[in-house]
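Enquirer: Single-letter residue listing:
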Amino acid sequence: MRISEGDVEHIARLARLELDPEERRRYTEQLSDILNYIDELNELDTSSVEPTSHVIPIKNVMRDDLPQPSLPLDEALGNAPQRKGNFYRVPRIID
Amino acid sequence: MMKMLSDAGLEAVIGLEIHAQMLTETKIFCGCSTAFGAEPNTQTCPVCIGMPGVLPVLNRRVVEFAVKTGLAMNCRITPYSRFARKNYFYPDLPKGYQISQYELPICEKGHLDIHINGESRRIGITRIHMEEDAGKNIHQKDGSYVDLNRTGVPLLEIVTEPDIRTPQEAALFMKKLRAILRYLGVCDGNMEQGSLRCDANVSLRPAGSTGLGTKTEIKNINSFRFVEKALEYEIKRQVKVLRDGGDIIQETRLWDSETGTTNSMRSKEEAHDYRYFPEPDLVPLQIEEDWIKQIRETLPELPDQKMKRYQEEFGLPEYDCEILTEERPVAEWFERAVKAGGSPKAVSNWMMTDILRLMNETGTEITELRITPEMLASLIGLIEKGTISGKIAKMVFNDMYTTGKDPETIVQEKGLVQISDAGELEGTIQEILDAHPDEVGRLKAGDKKLIGFFVGQVMKATKGKANPKMVNEIIRKKIS
Numbered sequence: 001m002r003i004s005e006g007d008v009e010h011i012a013r014l015a016r017l018e019l020d021p022e023e024r025r026r027y028t029e030q031l032s033d034i035l036n037y038i039d040e041l042n043e044l045d046t047s048s049v050e051p052t053s054h055v056i057p058i059k060n061v062m063r064d065d066l067p068q069p070s071l072p073l074d075e076a077l078g079n080a081p082q083r084k085g086n087f088y089r090v091p092r093i094i095d
Numbered sequence: 001m002m003k004m005l006s007d008a009g010l011e012a013v014i015g016l017e018i019h020a021q022m023l024t025e026t027k028i029f030c031g032c033s034t035a036f037g038a039e040p041n042t043q044t045c046p047v048c049i050g051m052p053g054v055l056p057v058l059n060r061r062v063v064e065f066a067v068k069t070g071l072a073m074n075c076r077i078t079p080y081s082r083f084a085r086k087n088y089f090y091p092d093l094p095k096g097y098q099i100s101q102y103e104l105p106i107c108e109k110g111h112l113d114i115h116i117n118g119e120s121r122r123i124g125i126t127r128i129h130m131e132e133d134a135g136k137n138i139h140q141k142d143g144s145y146v147d148l149n150r151t152g153v154p155l156l157e158i159v160t161e162p163d164i165r166t167p168q169e170a171a172l173f174m175k176k177l178r179a180i181l182r183y184l185g186v187c188d189g190n191m192e193q194g195s196l197r198c199d200a201n202v203s204l205r206p207a208g209s210t211g212l213g214t215k216t217e218i219k220n221i222n223s224f225r226f227v228e229k230a231l232e233y234e235i236k237r238q239v240k241v242l243r244d245g246g247d248i249i250q251e252t253r254l255w256d257s258e259t260g261t262t263n264s265m266r267s268k269e270e271a272h273d274y275r276y277f278p279e280p281d282l283v284p285l286q287i288e289e290d291w292i293k294q295i296r297e298t299l300p301e302l303p304d305q306k307m308k309r310y311q312e313e314f315g316l317p318e319y320d321c322e323i324l325t326e327e328r329p330v331a332e333w334f335e336r337a338v339k340a341g342g343s344p345k346a347v348s349n350w351m352m353t354d355i356l357r358l359m360n361e362t363g364t365e366i367t368e369l370r371i372t373p374e375m376l377a378s379l380i381g382l383i384e385k386g387t388i389s390g391k392i393a394k395m396v397f398n399d400m401y402t403t404g405k406d407p408e409t410i411v412q413e414k415g416l417v418q419i420s421d422a423g424e425l426e427g428t429i430q431e432i433l434d435a436h437p438d439e440v441g442r443l444k445a446g447d448k449k450l451i452g453f454f455v456g457q458v459m460k461a462t463k464g465k466a467n468p469k470m471v472n473e474i475i476r477k478k479i480s
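Those protein sequence lines, which keep their order, are chains A and B. If you count the first sequence from 1, position 55 lands on 55 in our numbering, and the numbers rise without skipping. If you count the second sequence from 1, position 33 lands on 33 in our numbering, and the numbers rise without skipping.
Please note that a few of the clues may not be correct.
To be verified - For lysine-lysine, the following DSS-like pairs were computed, each having C-alpha atoms within a straight-line distance of at most 30 Å:
{"no.": "1", "chain 1": "A", "residue 1": "Lys59", "chain 2": "B", "residue 2": "Lys86"}
{"no.": "2", "chain 1": "A", "residue 1": "Lys59", "chain 2": "B", "residue 2": "Lys109"}
{"no.": "3", "chain 1": "B", "residue 1": "Lys449", "chain 2": "B", "residue 2": "Lys477"}
{"no.": "4", "chain 1": "A", "residue 1": "Lys59", "chain 2": "B", "residue 2": "Lys478"}
{"no.": "5", "chain 1": "B", "residue 1": "Lys444", "chain 2": "B", "residue 2": "Lys477"}
{"no.": "6", "chain 1": "B", "residue 1": "Lys449", "chain 2": "A", "residue 2": "Lys59"}
{"no.": "7", "chain 1": "B", "residue 1": "Lys460", "chain 2": "B", "residue 2": "Lys478"}
{"no.": "8", "chain 1": "A", "residue 1": "Lys84", "chain 2": "B", "residue 2": "Lys95"}
{"no.": "9", "chain 1": "A", "residue 1": "Lys84", "chain 2": "B", "residue 2": "Lys136"}
{"no.": "10", "chain 1": "B", "residue 1": "Lys141", "chain 2": "A", "residue 2": "Lys84"}
Bear in mind the hints are in silico, worked out from the structure with no lab data behind them.
Take these sequences, add in the hints, and give me the full structure.
Expert: What follows is the structure, given as structure tokens:
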């Protein structure tokens, strides 16, 4: 295995996913397969190829600093599970 | 604090991480307004609240501001730069990631010089990058309330090298940085309102060594005067821990201004696993030399350059220059007064005393004063020509402040022109000498300090309008 069940558990927690033991075992296997495949790709000599961070060959897409209308408040808050006044309400965060 | 450190054979190593909200009209990746103080959640759109399927588009002015700041801080502008996602979950970050820069920031390897005890100290700038701000949470008993107006407001993150050695240096650095950001018009520098924020990394090591001890990060330094206080407290705390044989724990600590202490946040370590990766929704940024050149041409004369010029061109003391150049509007006011003919030293003296005092007392910006630089220049001219005395000038100045009238008008309306007519003065002086035969006798016998008494009497009789130099001469002549 290229990745441990502990790693998968850690990633799941960071992504706020709850996995049962069977899922954890299965994802560990699948993620290991993916990493093994990457290892296979790594066998290719890419020393003369520029690293790509973007697949489309364009750069410097920018807009002017001009205000556009924002969403009406009711639309902005429309999808919120809980709303109070002008605010989104979420479970109390303890810092 | 410093003695405590040196007694323990230690020195402090401090690095700062500063966040500055940029003064753009709109957010970094969408056209929502950045205006402060709007009703909660009225300045949001599908892009900044993270609706599926939307695409961010970079605000050109954000890039210009970042390059401008980089140039002002002697940085190298990276020719090829890109954005990255920093992943974490928090209700004020609706997308579940913050768009920031990671391995290719827009500016690198700069420095700022600070002046301390007559010496210059160079503080390295590791990097400057662009990122989006998060929203605001308000915590109440029945839940937390989220306002996303601030989500997507453009920030500059400025990171220094661990070159700072004392809390005083850190405060001087922040002051310098703030002055530059305000000169550039990139950030308003208001720490209380949170548009300028400062986190500090602090560690201790044996004095003169080069390694780094375990550091703590101090957050929530929410006022200018707390930069020094928070660092002093934290250094003392670390010295005590080490002296008692303990170890410094690497952690984030929050400054509490009410108690004047820093306290551990006890956050889970794994919360800092941000899994950065290149932001696929934004294309890379390639900054051409031409663009950098154009931006360089818009750079104003910065505080250090101004300070040097004031010293060389006007022969003003370093202290005066520092105060005059700290805020751009003050420096420009000074320069306008000199241009209008005021002698630099006199303008500086009036500004350092009366103008700054008025500004402090009334909480007024220099540009809002009813006294203009041109008015101050003509007031100085009136003194230098001998039209009014220095004492009368103070009166005229106060009148200028309350009425906004120019000094010539005030002098004329109130009949304050200095009496420099020898004949007229001689008559007055003779009367006073005649009225004080005892004092005249003592003065003649060599009691020189009585000259002051007589000058005072003449000034009183002429309501301050007599030319003091002439009065002095006439009295001496009459006595001898």
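Enquirer: None of the hints should be skipped; say for each whether it holds.
Expert: Verification of the hints:
no.: 1; hint: Lys59/A / Lys86/B; in the structure: holds (21 Å)
no.: 2; hint: Lys59/A / Lys109/B; in the structure: holds (24 Å)
no.: 3; hint: Lys449/B / Lys477/B; in the structure: holds (16 Å)
no.: 4; hint: Lys59/A / Lys478/B; in the structure: violated (88 Å)
no.: 5; hint: Lys444/B / Lys477/B; in the structure: holds (11 Å)
no.: 6; hint: Lys449/B / Lys59/A; in the structure: violated (81 Å)
no.: 7; hint: Lys460/B / Lys478/B; in the structure: holds (19 Å)
no.: 8; hint: Lys84/A / Lys95/B; in the structure: holds (21 Å)
no.: 9; hint: Lys84/A / Lys136/B; in the structure: holds (15 Å)
no.: 10; hint: Lys141/B / Lys84/A; in the structure: holds (14 Å)
Violation of the numbered hints given earlier is confined to hints 4 and 6; the remaining hints are satisfied by the structure.
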